[in-house]
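*Asks:* Given only the sequences and the hints, what does the whole structure look like? Please build it.
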Amino acid sequence: MSEITVTVAGAARRVPADTTAGELLQGEGGPDRSTVAARINGELRDLAAVVSAGDVVEAVPVDSADGRSILRHSTAHVMAQAVQDLFPGTLLGIGPPIENGFYYDFAPHHPFAPDDLARIEKRMFEIVKEDQIFKRRVVSDEDARVELADEPFKLELIGLKGGTADDESVEVGGSELTIYDNIRRDGTLAWKDLCRGPHIPSTRAIPALKLMRSAAAYWRGSEKNPQLQRIYGTAWESRDALKAYLAMLVEAEKRDHRKLGLELDLFSFPDELGSGLAVFHPKGGVIRKEMEDYSRAKHLAAGYEFVNTPHITKGKLYEISGHLDWYSDGMYPPMELDGGTNYYLKPMNCPMHILIYRARGRSYRELPLRMFEFGTVYRYEKSGVIHGLTRVRGMTQDDAHIFTTIDDMRDELRKLLTFVLDLLRDFGLEDFYLELSTKNPDKFVGDDAVWETATATLAEVAAESGLELVPDPGGAAFYGPKISVQARDAIGRTWQMSTIQVDFNLPERFELEYQGADGERHRPVMIHRALFGSIERFFAVLTEHYAGAFPPWLAPVQAVGIPITDTHVPYLDGPVGEALRAAGVRFEVDDSDDRMQKKIRNAQKQKVPFMLIAGDDDVAAGAVSFRYRDGTQKNGVAIADAVAEIRDAIERRVQV
RNA sequence: GCCGGUGUGGCGCAAUCUGGCAGCGCACCCGACUUGUAAUCGGGAGGUUAGGGGUUCAAUUCCCCUCGCCGGCUCCA
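My numbering puts the first residue of the first sequence at 890, with every later residue one more than the last.
Just so you know, not all the hints are guaranteed correct.
No farther apart than 25 Å at their CA atoms in a straight line, the calculated lysine to any residue pairs in the SDA-like style are these [what the hints assert, rightly or not]: (1) K1494 <-> Q1522; (2) K1494 <-> L1151; (3) K1132 <-> I987; (4) K1099 <-> R1128; (5) K1332 <-> F1399; (6) K1332 <-> A1366; (7) K1487 <-> K1523; (8) K1172 <-> Q1544; (9) K1132 <-> E1181; (10) K1178 <-> A1468; (11) K1304 <-> V1446; (12) K1099 <-> I1072; (13) K1081 <-> Q1118; (14) K1271 <-> Q1116; (15) K1494 <-> R1144; (16) K1018 <-> V1028; (17) K1332 <-> N1394; (18) K1113 <-> Y1232; (19) K1099 <-> I1380; (20) K1271 <-> W1384; (21) K1203 <-> Y1232; (22) K1496 <-> S1514; (23) K1143 <-> T1279; (24) K1496 <-> I1380; (25) K1523 <-> Y1435; (26) K1494 <-> R1147; (27) K1099 <-> E1019; (28) K1496 <-> A1136; (29) K1205 <-> Y1221; (30) K1081 <-> T979; (31) K1024 <-> A942; (32) K1081 <-> P977; (33) K1081 <-> P1000; (34) K1172 <-> V1458; (35) K1172 <-> R1536; (36) K1148 <-> Q1118; (37) K1143 <-> G1381; (38) K1187 <-> Q1544; (39) K1178 <-> A1136.
Worth flagging that the hints you see were computed from the coordinates, not collected in a lab.
Remember, predicted model here, so these are calculated numbers, not experimental data.
*Replies:* So, in structure tokens, the structure goes:
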């Protein structure tokens, strides 16, 4: 047998010509189950792949991003096998890995019931125990069509070979068509699937799995196609990793703003109002007011002018803007008034701000002109998409439109990004990345040169921020490119927060102009931006980020006075309360009939930042005793010091 | 909008599968207790079981329709 030279983990090695990646990686992490695949010359391959002369081979550990994807993709195969075992005749869709798990789409005779998931999962564990080998086999299109004659969805995929859509790439994304056979220990074929791979060596290499839920999903992601039944599952490199993931989900559920909104009495969605229409209760109202006050102050300092516009308008406005053509489905139907004029609830503020711009002639000396408004808009979101405060039908945007010359655009965008990030940081979000959405070649207005300038400017400004920049090709709205700021919250989830969007279209449609230094009329560029997105949505994100334990400056009640007995109520209401209220602290005394311990429990459950306890000792000393949210305490603090400490935490906007 | 699930005092749940007096805890109201860091004791009030229709001697329970909510999909100017 001839020998070849390959590079393994950075070192050259001589090995027999028919060596597999798996054999090569023995002692480099294999053959124990911590290596699930190989990276050969940068490409992910099965451990069973035979290496060639000159190959550079690395191990893909199961606990790496690629390793988990391969594990999960393989687990999806196991699930599909289990489903077809238990429900013969069920057709296969696709089954890719996704963040934190995988799914597989099926066309079953009946939708899966919750009990079915338990049965499928049980069967999956049996398949794992059977230690079936994943074996790759290259097939011709013709052979594949014969083999998969009973799988119409798979046949459709064969026709798409080489397609680029992500969800198809796991099936047929490569240059050649492959089928993976699942082979039992006795050599018989257990199951097979059209698949690009790679896969883990055997089903035994799945250390931990769990099925999560079933749901419907449209075939190939289009509403026009039939709906398939999707089962979501997850798989991890160890039982502990699975446990940690499930614990994270429990934590996320505890932080759910809908649950906290009820527990902390922040807001509700009365049935009488209709879906997606929130009312803010007094405690939610305080938080909201603090958010707004702070935002206003920052905008004032940054040179914005405050405008105000109505909630309804004649349809004419949205005819000019074009929204009635493109988005009327998302608008509440019109109110027809006398004379047959249609009035609409506004789904956006921009055309109204444009009218303010256009109210008189504008000079280049006025630009950039920055108009800000807390503008309440109404959108007829489809019934199935409404979700707490994050997706509503009535919301208030912290909306601004900046009218600028093309020359000033760069400077303005740079300032804007800094402004956005500073504001988000003030609200306690620290961890960001940016997304740059660029032109969709099939759907855009405006000329290429301007698009390129704007896109390049956005990219440049984004790069200057030093933040990670993720491209989103084709993701722009038809009227201009945008940057969106994504923030990671306290438990690592990402939320799209602010958007900064360049618009070439509306200035055109409304024929906006300014007179330049050259005496000629020019068209301004418009920048749309919302920092909170909507107050409602930002409120939800903050609630989940802080798990309801808002920092003092936002907390509805900043300090609660807890008397040891009734006799200490006048002290807390009097000298203590007066000093705190004079300092602007939101302070309440719990003078209910409950015992002191119960009062502490209640304040703790309400996540009040500071509890001020007073008994005989404190009264005698002119002091209070602090109890903080984490249960620590500090006794005998003089009233003035207590006020100063609380005041300081509020002013510095710190978390306690 | 689509698929599936679900709906019982303000909140969390039981009784529903297998039809037979709607129950518990918290919150609320009244009374007693006056206590140093996460639930004091006793009493009371509160429900047309989301709404409508059907089957039945009898419906919270079974069936149908509508609405809301939940999980996804599609959508998100």
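*Asks:* Quick check: which numbered hints come out false for this structure?
*Replies:* 9, 11, 16, 18, 36, 39
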